[in-house]
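Single-letter residue listing:
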Amino acid sequence: MSNAATTPPRETVIEATHGWRFANWQELWAYRDLLGLLVWRDFVTRYKQTILGPLWHIFQPLLTTLIFTVVFSQVAELPTDGLPPTLFYLCGLLAWNYFSQCFHSTASTLAANAGLFGKIYFPRLIVPLAGVIANLVSFAIQLVSFLTILAIYQASHPNTTCAPRWQAIVFVPLVLLQLAAFSLGIGLWLAALTSKFRDFGIFSGFLIQLWMYLTPVILPLAKVPPQWHQYVALNPVTMPVECFRYFLLGTGWLNVSLILVSISATFVALVTGILVFQRAEKNFIDVA
Amino acid sequence: MSRPIIEVRGLSKRYQLGAIGATSLRAEFSRHWDRLRGRPHPDSREFWALRELSFDVQPGEVVGVIGRNGAGKSTLLKILSRITEPTSGRAVLRGRVASLLEVGTGFHPELTGRENIFLNGAILGMTRTEVRKKFDEIVAFAEVDQFIDTPVKRYSSGMYVRLAFAVAAHLDPEILIVDEVLAVGDAQFQQKCLSRMRNDAASGRTILFVSHQFNAIAQFCSRCLRLDHGRLIDEGKPADVVTRYFHTEAQQPLIQALADRPRAHAYRGQARLASVRLLNATDPTGWKLPFATSPTFDVGVELVSAFPTLEFSLCLIDGMGQEVFSTVSGWSAHPGPFYPGRASVRIECPRVNFAPGTYYAHLGIRSQVASEDHLVNVCSLEILPVYDARWPDADRMSGLVREAARFTVVSAHGV
Numbered sequence: 001m002s003n004a005a006t007t008p009p010r011e012t013v014i015e016a017t018h019g020w021r022f023a024n025w026q027e028l029w030a031y032r033d034l035l036g037l038l039v040w041r042d043f044v045t046r047y048k049q050t051i052l053g054p055l056w057h058i059f060q061p062l063l064t065t066l067i068f069t070v071v072f073s074q075v076a077e078l079p080t081d082g083l084p085p086t087l088f089y090l091c092g093l094l095a096w097n098y099f100s101q102c103f104h105s106t107a108s109t110l111a112a113n114a115g116l117f118g119k120i121y122f123p124r125l126i127v128p129l130a131g132v133i134a135n136l137v138s139f140a141i142q143l144v145s146f147l148t149i150l151a152i153y154q155a156s157h158p159n160t161t162c163a164p165r166w167q168a169i170v171f172v173p174l175v176l177l178q179l180a181a182f183s184l185g186i187g188l189w190l191a192a193l194t195s196k197f198r199d200f201g202i203f204s205g206f207l208i209q210l211w212m213y214l215t216p217v218i219l220p221l222a223k224v225p226p227q228w229h230q231y232v233a234l235n236p237v238t239m240p241v242e243c244f245r246y247f248l249l250g251t252g253w254l255n256v257s258l259i260l261v262s263i264s265a266t267f268v269a270l271v272t273g274i275l276v277f278q279r280a281e282k283n284f285i286d287v288a
Numbered sequence: 001m002s003r004p005i006i007e008v009r010g011l012s013k014r015y016q017l018g019a020i021g022a023t024s025l026r027a028e029f030s031r032h033w034d035r036l037r038g039r040p041h042p043d044s045r046e047f048w049a050l051r052e053l054s055f056d057v058q059p060g061e062v063v064g065v066i067g068r069n070g071a072g073k074s075t076l077l078k079i080l081s082r083i084t085e086p087t088s089g090r091a092v093l094r095g096r097v098a099s100l101l102e103v104g105t106g107f108h109p110e111l112t113g114r115e116n117i118f119l120n121g122a123i124l125g126m127t128r129t130e131v132r133k134k135f136d137e138i139v140a141f142a143e144v145d146q147f148i149d150t151p152v153k154r155y156s157s158g159m160y161v162r163l164a165f166a167v168a169a170h171l172d173p174e175i176l177i178v179d180e181v182l183a184v185g186d187a188q189f190q191q192k193c194l195s196r197m198r199n200d201a202a203s204g205r206t207i208l209f210v211s212h213q214f215n216a217i218a219q220f221c222s223r224c225l226r227l228d229h230g231r232l233i234d235e236g237k238p239a240d241v242v243t244r245y246f247h248t249e250a251q252q253p254l255i256q257a258l259a260d261r262p263r264a265h266a267y268r269g270q271a272r273l274a275s276v277r278l279l280n281a282t283d284p285t286g287w288k289l290p291f292a293t294s295p296t297f298d299v300g301v302e303l304v305s306a307f308p309t310l311e312f313s314l315c316l317i318d319g320m321g322q323e324v325f326s327t328v329s330g331w332s333a334h335p336g337p338f339y340p341g342r343a344s345v346r347i348e349c350p351r352v353n354f355a356p357g358t359y360y361a362h363l364g365i366r367s368q369v370a371s372e373d374h375l376v377n378v379c380s381l382e383i384l385p386v387y388d389a390r391w392p393d394a395d396r397m398s399g400l401v402r403e404a405a406r407f408t409v410v411s412a413h414g415v
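Line by line, the protein sequences give chains C and X.
For the first sequence, our numbering gives the first residue as 1, with consecutive numbering after it.
For the second sequence, our numbering gives the first residue as 1, with consecutive numbering after it.
Incorrect hints may have been included.
Stated by the list, open to error - Pairs of lysine to any residue residues, derived as SDA-like cross-links and limited to a Cα-Cα distance of at most 25 Å, are as follows:
1. C/282 with X/47
2. C/196 with X/134
3. X/134 with C/282
4. X/153 with X/112
Hints listed in this document are in silico derivations from the structure and should not be mistaken for laboratory results.
All chains, please: the whole structure from these sequences, using the hints.
This is the structure:
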């Protein structure tokens, strides 16, 4: 009872909010322990009751690469920028898989956590953030398997020019950050839209499938005719994927203005994504 | 008195009934189409779950909230827990808030008890250091120390609930908001939780508590609010508010028609349950009995064929789903004979002091050949809190049955 008198009590005012709200960083920081625990929960529970566990992250890109190599490289004879097809596809998938996983985990935030959100308050943004961080684990596993295969290739082909640009390797985390930010932005948009119209839940699965073909995962950007480059620039995932190849395999087609466009698009997607998500989230429970 | 710790002013919440259904683009388009053509869309009704609600809670008060289903209790808790926003009005909470609308929110079945304590603690707003400090206390309270490193999916439901409540009970908020969570767990653990909450209240914590268990409200709240259609319609001492609630609340008719109730199975149906009526209700408006009174039912039966005798069974279930009483006519004498048409059978329960609370009845009829009819939850009846001087403190005792026993001295050797 004397608590209130001695220390100034924390005051929570509850009323209808109007208009748009941006993320409350101070509050997110206060919930950092929860963020850490959600990341850890994701990591611990993801492989329970699976036989292969984290090995799935190695098999999935390897099998996809195998199919791509057979279908696109051998049968369709699509070029791979002078790189060995296996390394070309693996590297593209490394970046793409991280993007698509983050997109999925973010887009399903509201629907997948309806039970939790209906019973307790915490800043809802914590959940997609935790997903994006937890997905780094599978990224790391895939990166290690990629580097192993690269090392094996280099050992068996002593004359290859295919090698990571070690002096520029510091940019890889930055590109990864951009991928995380962009997938978060787009994912938040879809999470917000799905909360209102379930149609977008179906749409998002299909969107990501088509999106891969609009991204140079299978076809190198250098093969795209120059007059189409302005359209390619519209896809903000293009540059990060090319950057990965450039930094990890030494070959890729980079363009500063396209990179700037991609970064600006990421920024816009993230900011507007947070705004629409925050707006959808406050009434999500009423319509769920 | 200092400033109220909870201040609610003109709080309102409107639900758009149409919006709840409109979760597909098609429905949304059809709504806009109707609006364009100036036709009222069948779904565009609105509903006020809370309407201009205002009240204050002083620090250290334990306030119970009652009201029938749909009165706005849950909406109020959801707004105060910041799960949803009010449409208008405001509420100010002065202090650290913890809300407990469910036990075990965020529990993950694959994680061990230990891991879930940390996760659940964080979800409820505790820091890791706080959880670590209280960890041993939580485990001891939940009585699960041997299983603390077992995944909770292997827990019995009782253990699960105990662990979940234990985490919540060790939150250290200045304001605790609790929904019906006590409706889970065994009676003994419930008493433990209630006494824990009572201690919290005694140490100055402010508690807002929603319950259908009037007994619990009467036991430990210092004030009671009653909501109806989203408005505050009564407040005062819990016993008074609860009594007035029982007197004014529209009740189920004293005679319940059963003929059209859906059956769980296709029974033979040569003898069917048609109605049930509580004969000894305290007042003519409700299915209510004072403590220490046993119910007497009249069961209406519709018969297609004649039977020399029929076996009747009755089971009473308490609000927690526990079967507390069962009887079958074979233990005394089967009623009979019956002829095609209508009949009425009286079931007089022996005098048993059931604990105050809500009870549901299941009824069944068997002939010598088959199960003729069976219905669950034919009625709910309320055993009122104890206001009887013959049973001092009967409210404070636990036990589904509270009976007098004979106590005599068998030997007393003085020194």
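Each hint, compared with the structure:
Restraint check for residue 282 of chain C and residue 47 of chain X: satisfied, since their Cα atoms lie roughly 18 Å apart, inside the 25 Å limit. Straight-line distance between C-alpha atoms of residue 196 of chain C and residue 134 of chain X comes to about 41 Å, which puts the hinted pair past the 25 Å bound. Our distance criterion of 25 Å between C-alpha atoms is broken by residue 134 of chain X and residue 282 of chain C, whose separation comes to about 33 Å. Our distance criterion of 25 Å between C-alpha atoms is met by residue 153 of chain X and residue 112 of chain X, whose separation comes to about 8 Å.
The structure shown violates the earlier hints numbered 2 and 3.
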